[in-house]
Structure formats: C-alpha cells, structure tokens
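Asks: Chain order of the listed sequences is A and F. Count along the first sequence starting at 1, add 4, and that's the number in this note's numbering. Count along the second sequence starting at 1, add 2, and that's the number in this note's numbering.
For the record, the hints were derived by calculation from the structure and aren't laboratory data. Here the structure is a predicted model, which means the values were calculated and not measured. Each hint should be verified, as a subset may be incorrect.
What the hints assert, rightly or not - As a list, the in silico DSS-like pairs of lysine-lysine whose alpha-carbon atoms are at most 30 Å apart:
1. A:Lys177 x F:Lys128
2. A:Lys63 x A:Lys204
3. A:Lys162 x F:Lys31
4. A:Lys177 x F:Lys31
5. A:Lys52 x A:Lys204
6. A:Lys177 x F:Lys119
7. A:Lys162 x F:Lys123
8. F:Lys123 x A:Lys177
9. F:Lys120 x A:Lys162
What the hints assert, rightly or not - Derived CB-CB ranges, DEER-like:
10. F:Ala140 x A:Glu260: 54 to 64 Å
11. A:His17 x F:Ala140: 57 to 67 Å
12. A:Ile78 x F:Ala145: 28 to 38 Å
13. A:Val248 x F:Gly50: 53 to 63 Å
14. F:Arg251 x A:Ser174: 56 to 66 Å
We treat Cβ as the ideally placed atom computed from N, Cα and C, and that holds for glycine.
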Amino acid sequence: MALRKRTRTRVYHYTIYVVIIALIVWAVLATDWPTVATQFANPEVAMKMLPGIITVGLKNTLLFTIESFTGGLILAIILALMKLSSIPPFRWAATIWIEFFRGIPALMTIFGFALMLPIALKVKIPGGPVGAATLALIVVSSAYMAETIRAGIQAVPKGQTEASRSLGMSSMKTMFFIVLPQGFRIIIPPLTNEFVLLLKDTSLFFIAGATPLTYELTTYARNGLSTYANATPMVMAALLYLVVTIPLTRLTAWLERRMARER
Amino acid sequence: MSTDLIDVHAPAIDIQGLVKHYGDNEVLKGIDLTVVAGEVVCIIGPSGSGKSTLLRSVNLLEQPTGGHIFIEGIDVVDEDTDLDRVRQRIGMVFQQFNLFPHMSVLGNLTIAQRQVKKRGKAEAEKVAREMLGRVGLAEKADAYPSHLSGGQQQRVAIARALCMNPDMMLFDEPTSALDPELVGEVLQVMRQLADEGMTMLVVTHEMGFAREVGSRLIFMDGGHILEQGDPREVLANPQHPRTQDFLSRVL
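Isolated chain A (complex conformation) (with noise of 0.2 Å):
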C-alpha cells in the first residue's frame, strides 16, 4: 500500500462525512415524525403558551439573570479586592465566602436563602421568595466571579499603577479608573460565560416556591407540560434560551476581536 500520506489524509476526511451523513440519514428515518409534530412541536400547544411563556417567562428568566449578575459583579469586586488586601482578616473572609458558596450546589444556597435563613435569623428577606432567590444568585455568581476579577486586575502590568500613583492618583483612583477598566477587557470571555451559567442557573428558582406571575422560562414551561400533557412548551423553552444566549456569545466574541485590534 504506498498511498501518499495526503491521499490518506483525505481519504480520513471522506470517510468522516461519510460516517456523519449516514448518523443523520439513520436518524431521520428511525424518527416517528407524526408523534414529534403533535408531542414536541405542536401548534395549538405553542399557540397557548404564547405570549405568555415570552412575556411572562423569558421576561422573569431575563429579570433575575441581569439582577443576580449586577449584584453578582459589585460583590465580586468587593472580594477580590478584599483577596487582594494587605489585611489578613479581609483575605480570609474572602477565601471562605468564595469557597463555600462555589463548593455547594446553587440549588442549596437558593434553598437556603429562601427557607432556612428566615427562620433560623427571625428575618423576612425583602421582596419574598423571588427575593430571596436573587440574593442567593448574588451570593452564588460573586464567588464565581470574585476569582475572575482577581485574575484580571492581577493580569494589569504593574507599570500602570506605578504610572498612575506617580501623577498623584490614590490607590482607589488608581484602581477605579487604570487597573480595573484593563482587567475587564482581559475577563470579559469568562464573564460572559458565568452570565450564561447564572441564565440557566435562574431555573432553580423554583425550589423557593414561585406564583404564576414570577414563573421563570423553565418553570413556566414545566407548568406548560403539565397542563397539556405535551412538551412542545420544553422545546420553546429552550429555543428561547439559545435566542438569549447564542447572540450573546457571538457578541463577545466580536467585542474580542475588537479589542485585540485596539491594544
């Protein structure tokens, strides 16, 4: 056999589409089209849902997810320059914070903002079970991305502070205005990623017990499946994260290319 080593090449690559078209082929044939049109895609299910599960459901989906991850950010901030202290105390209430709530499911935490922190403080968290639910997604996301920010802020050349203290500018002006706008162009990849987490992340809601009006996509939806024994509502659910999520990556990774230009 003396084939060529690019003949070989491309007779791997032939075979590879070869292998791939036939999956499809298989899988569209085995398909029963009629049970999926009237189970998953069914018109009249899709026709009740709407608008509901967009005005209602993607609407709260979107609500809770810009309010975790605002709150999520401005925690975050505050911890990772609380990591980067010089005062021991700050770094270890820091650490702890981080580790803990990155260490137990989301679910929990949501759980245990919403249920167990009431009673055991005698408290009652403002803004009802969706309240405590944000908090928690607050208290999640910021000790994802406290790490994140840290890394940023450390990826700043020292140069730049040095430059910057040289002309007079505190140590907060310092970082408020050269070292974090540099860090936050260096993470904005990763956060991008953790804002689609804390998108998904909103599902659990649920566990802290949700009324019609504050039903998020996945919960609207579920209630959807239950109601008219179909799943038609699942699959719109879950277009409609791809619609949120999908531009939103191809945003950063634009954005990216941008910047890379810019430096």
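Please arrange chain F on chain A, whose structure you already have, making use of the hints.
Replies: Chain F alone, transformed into the frame defined by chain A:
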C-alpha cells in the same frame, strides 16, 4: 508636620542616608544626594548598581528601608506625609512608557489633571494640548497609544507628567526601550526641558546626553555613589577605578 508647607529655600531633592534592602540583598547602602532647583543630574552605572532603585525611591515607588528623602523640605519617608500631594510635584517617566492603553492620548493627559488637580474638562484639555505641542505631538491628541511609535509614546508620557506642572522630573532609562533611530526625538524633548530650567534626575546610558545637558554626573556601583562631578570632567577623566572600568566598557 504639615505637608503643605513648601520651603522654597530647601533643595528640590535632599536624600540622607538612604538604605534599601530586598530581603538579604542590600541594594542601596546609605546614599546621600542633594539636588537643587534647576540642576540636571544624570546617574550612570552598571545594571544592579541601584540607580533605578534610587530614582524610584524619590517618589516612593520603592519604600526605603532606612534614611530620609526630603522633597522641597518635606520628608516623604514620614508616614504622615500626604504622598499623593508630593507626587504631583514630581513628574516621572518610565523605561516602558506606561501609557494607559485604554485611553486616547488626550485621556492619558487629562485623567490625573481632572481627578487629582480637579481641573475642569476644558481647562484640562487646554493644558494637555499645550503640553502635546511642547513635545511636538499636537496632532496626536485623539490617537491611542498602540498606534504611536515608541518615541512618540515616550514623548506623550513626558507631556502627561508635565500636565501636572511638576517642579521636578525623574527619568528612569527613558530611551532604553527605544529603537536607535527613535532615541534622538526623546532626548531632544528632554534637552528642551533642561534648557527651560526643569530640575531633572535622569538614570541613563546616553553618555552624550549626560555630557551635553547634564549639570552633574553621578556614577553608582554596588549601592554606593562612587564618584560625582561635572559630566565632562568625570567622563574625560574618571578618578575611581570602577568608574574608569565602566566607562572603558561603554564608551
């Protein structure tokens, strides 16, 4: 001691018994140096001699282990001194320029004016454009640092320091990171500053600049000032054996 009292009769820089350790490594072993207003003092010496550490101690980018540094009569080593206030009076230019890459040239030149000197936008921009003119880069106000050559970036860095109206300027090997053909334009700006009477402390390898512009030349080695005097004198007729050895290798 109030930090606002500037003693006009005090030297610009008065360093007394400055010591700096990094762990067991003693980088500065008791430096005494006085620079009066209007002097251009150039510091030369082999790498590791402590010359950059000395320069960076003047505005306390390096925290001294011992000794005192008086800037216009104010001891910057004193923990009660408002460093941010003193630093406004000391312009600093770095080997790596250290322009802020996320801001335009104008942004680089106005940020500290606005945040520290509390100047309004219009006034800060007016000062910035004037300083850009002085370094010959008036047309680059809206450019980003990454679009400038090394020489242009360093000139912007000098303009940025000048915007704070400093009484003195520190230069830490300002031309060492530049391609040879770009060194001249930066030295030209520095020479012009010296001619205007700016007090300057310059760590450099440019012997030509030291000879023609410097009012005093200092040779450092091993954390000590080994020799100082008129630049022409020191360069032509070095007294200390180590100065002779160093100059024979670089000239």
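Asks: Take the hints in turn and mark each one as holding or not.
Replies: Status of each hint after checking the structure:
no.	hint	in the structure
1	A:Lys177 x F:Lys128	23 Å, holds
2	A:Lys63 x A:Lys204	14 Å, holds
3	A:Lys162 x F:Lys31	26 Å, holds
4	A:Lys177 x F:Lys31	34 Å, violated
5	A:Lys52 x A:Lys204	24 Å, holds
6	A:Lys177 x F:Lys119	13 Å, holds
7	A:Lys162 x F:Lys123	28 Å, holds
8	F:Lys123 x A:Lys177	17 Å, holds
9	F:Lys120 x A:Lys162	25 Å, holds
10	F:Ala140 x A:Glu260: 54 to 64 Å	34 Å, violated
11	A:His17 x F:Ala140: 57 to 67 Å	58 Å, holds
12	A:Ile78 x F:Ala145: 28 to 38 Å	34 Å, holds
13	A:Val248 x F:Gly50: 53 to 63 Å	57 Å, holds
14	F:Arg251 x A:Ser174: 56 to 66 Å	43 Å, violated
In terms of the numbered hints stated before, the structure departs from hints 4, 10 and 14, listed from lowest to highest.
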